[in-house]
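Between the sequences and the hints, there should be enough to build the whole structure, so can you do that?
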Amino acid sequence: AQTVTQSQPEMSVQEAETVTLSCTYDTSESDYYLFWYKQPPSRQMILVIRQEAYKQQNATENRFSVNFQKAAKSFSLKISDSQLGDAAMYFCAYRSARNFGNEKLTFGTGTRLTIIP
Amino acid sequence: EAGVTQFPSHSVIEKGQTVTLRCDPISGHDNLYWYRRVMGKEIKFLLHFVKESKQDESGMPNNRFLAERTGGTYSTLKVQPAELEDSGVYFCASSPRVSPTYEQYFGPGTRLTVT
Numbered sequence: 001a002q003t004v005t006q007s008q009p010e011m012s013v014q015e016a017e018t019v020t021l022s023c024t025y026d027t028s029e030s031d032y033y034l035f036w037y038k039q040p041p042s043r044q045m046i047l048v049i050r051q052e053a054y055k056q057q058n059a060t061e062n063r064f065s066v067n068f069q070k071a072a073k074s075f076s077l078k079i080s081d082s083q084l085g086d087a088a089m090y091f092c093a094y095r096s097a098r099n100f101g102n103e104k105l106t107f108g109t110g111t112r113l114t115i116i117p
Numbered sequence: 001e002a003g004v005t006q007f008p009s010h011s012v013i014e015k016g017q018t019v020t021l022r023c024d025p026i027s028g029h030d031n032l033y034w035y036r037r038v039m040g041k042e043i044k045f046l047l048h049f050v051k052e053s054k055q056d057e058s059g060m061p062n063n064r065f066l067a068e069r070t071g072g073t074y075s076t077l078k079v080q081p082a083e084l085e086d087s088g089v090y091f092c093a094s095s096p097r098v099s100p101t102y103e104q105y106f107g108p109g110t111r112l113t114v115t
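Just so you know, the protein sequences line up as chains A and B, in that order. At position 71 of the first sequence the residue is numbered 71 (the working numbering), and the sequence of numbers has no breaks. At position 102 of the second sequence the residue is numbered 102 (the working numbering), and the sequence of numbers has no breaks.
Simulated from the structure, these hints should not be mistaken for lab results. Watch out, some of these pointers could steer you wrong.
Below, in silico cross-link-like pairs of lysine-lysine (DSS-like), each with a Cα-Cα straight-line distance of 27 angstroms or less [stated by the list, open to error]:
hint, chain 1, residue 1, chain 2, residue 2
1, A, K73, A, K55
2, A, K78, B, K54
3, B, K44, A, K70
4, A, K70, B, K41
5, B, K44, A, K73
6, B, K15, B, K78
7, B, K44, B, K78
8, B, K41, A, K78
Derived CB-CB ranges, DEER-like [as the list claims (entries may be wrong)]:
hint, chain 1, residue 1, chain 2, residue 2, range
9, B, V98, A, Q57, 21 to 29 angstroms
10, B, E14, A, S30, 42 to 50 angstroms
11, B, S99, A, Q2, 13 to 21 angstroms
We put the beta carbon where it would ideally sit given N, CA and C, even for glycine.
Given below as structure tokens:
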């Protein structure tokens, strides 16, 4: 079974600074997808960024980028130029590339990010 | 386009009572998932519907939980009888049957408190 570990329950960063959230995972599969989801205080969880395991290039979405280290099974999220609206709970998640009964997401415990004005 | 909706947003019940949670997925999404987050822990998968069929129910904790998706539209999750350890936030998510991004779209969750 796959597991996802987020070792930082809480993080804080000054507005406009850069912060990195850590995520490690364990799997015996070679093909899979990794995600970072964000849950703001209003509670609707939204996708921030995704990474396909077969791609060596790290995914980026505007101020959000990942550092994907497949051999180390590490998938960290970097937020640049932090903004007040980035304050949220961030969840790292894993999905097998197989379908038909393997489409569920496996989540970590989350990291609560606080932005300091 | 309306997002995933869940009802109620909060529910407080006593141990032994029954509660039914409802999820309305995004229109046209064949996949519907239920997840649960117990306070301070990870979000855990409960089950996955494809239209009205249960594709994967490996995460259902026990037979006190019953999920249905009649007609392949909205879904209900019934807990009967509720126990203290059932407290948590129940999330529903949906996605198209074929999705290039594999993104799941989440609802706001139902916070269930069993006293």
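Right, here's what the structure says about each hint:
| no. | hint | verdict |
| --- | --- | --- |
| 1 | A/K73 to A/K55 | holds (14 angstroms) |
| 2 | A/K78 to B/K54 | violated (37 angstroms) |
| 3 | B/K44 to A/K70 | holds (24 angstroms) |
| 4 | A/K70 to B/K41 | holds (25 angstroms) |
| 5 | B/K44 to A/K73 | holds (20 angstroms) |
| 6 | B/K15 to B/K78 | holds (14 angstroms) |
| 7 | B/K44 to B/K78 | holds (17 angstroms) |
| 8 | B/K41 to A/K78 | holds (23 angstroms) |
| 9 | B/V98 to A/Q57: 21 to 29 angstroms | holds (24 angstroms) |
| 10 | B/E14 to A/S30: 42 to 50 angstroms | holds (48 angstroms) |
| 11 | B/S99 to A/Q2: 13 to 21 angstroms | holds (20 angstroms) |
Violated hints amount to a single one, hint 2; each of the other numbered hints is respected by the structure.
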